[in-house]
Structures are given as C-alpha cells and as structure tokens.
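Protein chains in written order, with the numbering used here: chain A, 3 to 227; chain B, 697 to 768; chain C, 908 to 1122.
Calculated directly from the structure, the hints in this document are not laboratory data.
Predicted, not measured: the structure shown is a model, and the values here were computed from it.
Any given hint could turn out to be false.
Below, simulated EDC-like cross-link-like pairs (lysine to aspartate or glutamate); rule was C-alpha separation at most 20 Å, straight line [to be verified]: (1) A:Lys95 <-> A:Glu194; (2) A:Lys204 <-> A:Asp222; (3) A:Lys204 <-> A:Glu194; (4) A:Lys15 <-> A:Glu25; (5) A:Lys15 <-> A:Glu79; (6) B:Lys725 <-> C:Glu1117; (7) B:Lys724 <-> C:Asp1013; (8) A:Lys185 <-> A:Glu50; (9) A:Lys24 <-> A:Glu86; (10) A:Lys24 <-> A:Asp128; (11) B:Lys725 <-> C:Asp1037; (12) A:Lys95 <-> A:Glu79; (13) B:Lys725 <-> C:Glu1119; (14) A:Lys24 <-> A:Asp94; (15) B:Lys724 <-> C:Glu1119; (16) C:Lys1003 <-> C:Asp1013; (17) A:Lys185 <-> C:Asp1013; (18) A:Lys185 <-> A:Asp128.
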Amino acid sequence: MSYARRALAVAWKDLAVERRSKETLNALVFFSLLLLFVFQFTLGADRERLAAVLPGVLWLGFVLSALLALGRTFLVEREHDCWEGLLLASGDKSAIYLGKLAGNLVLMFVVEALVLGLFVVFFDIDLGRALPGLVVVVALGTLGLAAVGTLFAAMTANIRAREVLFPVLLLPVQVPVLLATVKATEGLLLGEPLGAVAHWVKLLAAADVIYLVVSLLTFDVVLEG
Amino acid sequence: MPDNWSFVAAAYGLTAAVLLWYWLRLGKKEREIAVLTRLTAERSRGPSSSGHPRPEPGSRTPLQQNQRPGAP
Amino acid sequence: MVRVLGWLSAAALAVGLVMAFGVAPREVTQGNVQRIMYVHVPLIIASYVAFGVLAVASLVYLIRRDPRADRVAHASGEIGVMFVGLGIATGSIWGKPTWGTWWTWDARLTTVAILFVMYVGYLLLRAMIDDSERAARYAAVLGIVAALDIPLVHFSVYWWRTLHQPPSLMKPGGFTGSSSILWPLLVNLVAFMILYAYLAARRVRLLRAEAEATA
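When you get a sec, could you build the whole thing from the sequences and use the hints?
Quick look at the structure:
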C-alpha cells in the first residue's frame, strides 16, 4: 500500500469510527456549550469586558477542546488491544501519524467552527471583515496544536497517568502557539487587517513547520515499542 | 534603600539547602546501590563457598564403612 | 575524576561566596540585596548549559542509541530543573524588595517559567515509564521537541512583553557595570558551571550503577 493510501486509510477509519459513535464529538460539543454558558454567566452583562477577553476566552475553548480530542487519539487502539498492531505495521510509521493528524484536524475544525458559531450567536459578535484572517489564524493554530498533540498522545498512550501527563507535556510546549493565536485574534477582532498581525502569523507558520517536521521524523521512534 | 539582609539570607540559604539536599541524596543512593551490588555478587557466587566440605559418596574405604560411628 | 570535580566546585563556590560578600561592593541603588545576583545569574546560566547538554545528548541518543547519552540527558535534566527552579526562586526573592513584587509577567521571567515547567514535564515523563529503554527513547524525543521550541517561546514571549533589564553581560557595548561587580559574578558563574559538571558526573555514575544492578 502506498504511503499516502496508508495515511488516508488511518484517517478514514478514525473518522468513520467517530461518525458512528460520535463519542468524542459529543463530549466536545457539550463541553463547548458549558464553556459558553459559564462565560455568559460571568461576563455576559459587561459588553466591554467581554470584548476585551473574548480572544482569550475563545482560544481557551479551542485549546481545552483540543486537549480532549487529542488526548483520545489512540484511545480506540488502546481500548481494543490494537496497540501492538500499530507497532507491527510495516513500512514508514509516519504514515500513521499523518492519518491520525488528519483525523484530529477534521474533528478539531468541526468543533472550532461550532464553537465560533455559538460565540457569534450568543455574544452577538460581528465577525465581518475579520473572518478570512480569522480562518487563517485558527487553521495555523490548530495545526500547531494537533501536530505536537498527536505525537505526545502516542507517547503518553500507555502511561498510567496519561490524562494528567498529556496536558502537562503539551501546554508549555504550545505556549508560542497560544500567544500568537490569541494576539492575532485580538488584533483581527479589533478590525485590524491580517497584515497588522503578520509577525504572529509568520511565527505560527514557522512553528507549524518545525512541529510537523520533528513529529514526522520522530514518530517512528515512538512507535518502536 | 534598606539593606534587606533577610532577603539575601533567604536566597543564599535556600540555594545552599537545596544543593545540599541533592548532594546528600546522591550519596545515600550511591550507598544503597553499593550494598545492592555487593549482595548480588555474593549471591551469584553460590552457597557452597561458605559451607564445610562434605565427603563424596562412595569415597569411604571398606575399613571406614565397617566402622560406622556409634556402633559398639 | 568525579572527586576532583567535587573538590574543585567546593573551592570555586567558596571563593565565589567570599567575593560576593567581600569583594563586591554595596550597590548604590539596590543596597545589599543586589548580592543575590551572584547566585541568581549563575544558576540561570548554568541551567541553560544543562538544558543545552540535554538537547545534544537527546539527539545523540536517538541517532546512536548509546545508553551513556541517555544518562547524561537524564542527569542534566535533573540538575537543570533544580538550578532553574532555584534561579526563579532567588530571582523572586530579589524582586520583592527591588521591584516591589514577587513575580511579574515580563518576557524573561515568563520564558524561564515556561522552561521550568517544560523540563519538569520531561522528568515526569521519565519517572512514569517503567521500561528503561522506552523511557530513554521518549525522553529523547521530548528533549528535542523542547529544545526546538525554545526559540519559538523566546520570540513569542518577547514580542508580547518587555520589562526586564536589558542583558548587561551580552550587550554589544560590553559590560557597563564596574569590575568589582563583574569579577564576583564571573567567578560564581564558573563555580556553578563546575558544580553542574560535578553533580552531573556523579549522577551519571549513579545511573550506570543503578542500570547494572537491575540488569
């Protein structure tokens, strides 16, 4: 089977499993709704304060959802005793990484679109001109989170304290992504053009490249055993 | 500007305390490993090295065999 | 060899201590609190060296799978975390009387705090994997990811904030402080480097003994 075919097969399998069970998707949607309600209770009345913290709150929602989604990347393999199958897979194991990454990205984009939509509706935000730039920033940020997140998910898959260790490992490493996305989103929501936040976008792009290359190169090492 | 010697003492004291703790911990672990290594070495040499020698079965002469200990 | 390093570091630290209190003057604006810098700065710089060694050792391990490289990375991680933790603590203790606050989210403090948490995570990962070969492999991967992340962290945080004193040792014009401040600082810097080397060598030796005992 060719490399691309194998990657697609992994992604397709994961998405098919998700489509049928909708376990992760449901958890993420309800979690996002909960976030939305809590923020409304605490900040909804004060429009000015809300506008000021909105970028941070939005990305908090994205990141917490990402942690949930990414942490479960290898849950299926682990629960159904298929981990050894991954280890014994022939050929370049980075194809598995790409497949898992693709599956995670699709899931995360769906949830992010949902969360963003809910925020716009419930907090009466006018996205308008900011939307194209926002899409770019969200895409780059999500890719950064997912690239390292998928690698770390594989590393922590078989550790007893996996649920605690995974965010502890991922979040400090992802600080550049968090900073860049929040500041860029802030600028965009204030009406600035994408060019005004170009340095953040470039940082995100550079980060994505670094994370992807390193993860692709080291995934085989992680799946050695 | 007041001298704040208590802060200086706190900083130096904390540094010294933590470094000392680490250094002592290293020493303690080294001693534990030394004991463990010695025990494993002794065990691998086998029990026969410490017991008294036993005669091979069938190595007694006919004279010795007739005169069993305790026989009148 | 290890014992030589031990005596050398003890001697260097003693000299450094004497210089910090005997040679270095009472600073004009800050008072004697400034003397904390003679441990704070060397601790931070020595921790950077330790983390650099960790990065290189991790790479070497992934390429050659030499257990010695793994032990060097492990030891450097422990000592690096200890030094940077102490660095943050001493910096905070210095900051309270000088800046009026225990903590501030300026560029350098934030970066160092992130470093601390990253490498604590590194040690946690090692502690939670029972299989020593897998622990070595995964730790090496994490070590490399962390090392490559550092420039990203640096730039993102720097663009977000700047409040810390501009680095006086690395400024293009050279050191602007007087020599009676420079020498105690340099001596202590060297002392803490030797201390790192000594503690690392001893820890590596212990790790090898532990590996052989459980083999």
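Checked hints:
1. A:Lys95 <-> A:Glu194: 43 Å, violated
2. A:Lys204 <-> A:Asp222: At roughly 29 Å apart (the allowed maximum being 20 Å), aspartate 222 (chain A) and lysine 204 (chain A) break the hint.
3. A:Lys204 <-> A:Glu194: Answer holds: lysine 204 (chain A) to glutamate 194 (chain A) is near 16 Å, not above 20 Å.
4. A:Lys15 <-> A:Glu25: 15 Å, holds
5. A:Lys15 <-> A:Glu79: Answer holds: lysine 15 (chain A) to glutamate 79 (chain A) is near 12 Å, not above 20 Å.
6. B:Lys725 <-> C:Glu1117: 9 Å, holds
7. B:Lys724 <-> C:Asp1013: 40 Å, violated
8. A:Lys185 <-> A:Glu50: Measuring from Cα to Cα gives roughly 18 Å; hence the hint holds.
9. A:Lys24 <-> A:Glu86: 25 Å, violated
10. A:Lys24 <-> A:Asp128: 31 Å, violated
11. B:Lys725 <-> C:Asp1037: Roughly 19 Å between the alpha carbons, so the hint for lysine 725 (chain B) and aspartate 1037 (chain C) holds.
12. A:Lys95 <-> A:Glu79: The hint holds at about 15 Å.
13. B:Lys725 <-> C:Glu1119: 14 Å, holds
14. A:Lys24 <-> A:Asp94: The given pair, whose Cα atoms are some 30 Å apart, is violated under the 20 Å limit.
15. B:Lys724 <-> C:Glu1119: Answer holds: lysine 724 (chain B) to glutamate 1119 (chain C) is near 18 Å, not above 20 Å.
16. C:Lys1003 <-> C:Asp1013: Given pair lysine 1003 (chain C), aspartate 1013 (chain C) holds - Cα atoms ~15 Å apart, limit 20 Å.
17. A:Lys185 <-> C:Asp1013: OK: lysine 185 (chain A) and aspartate 1013 (chain C) at ~16 Å, within 20 Å.
18. A:Lys185 <-> A:Asp128: 18 Å, holds
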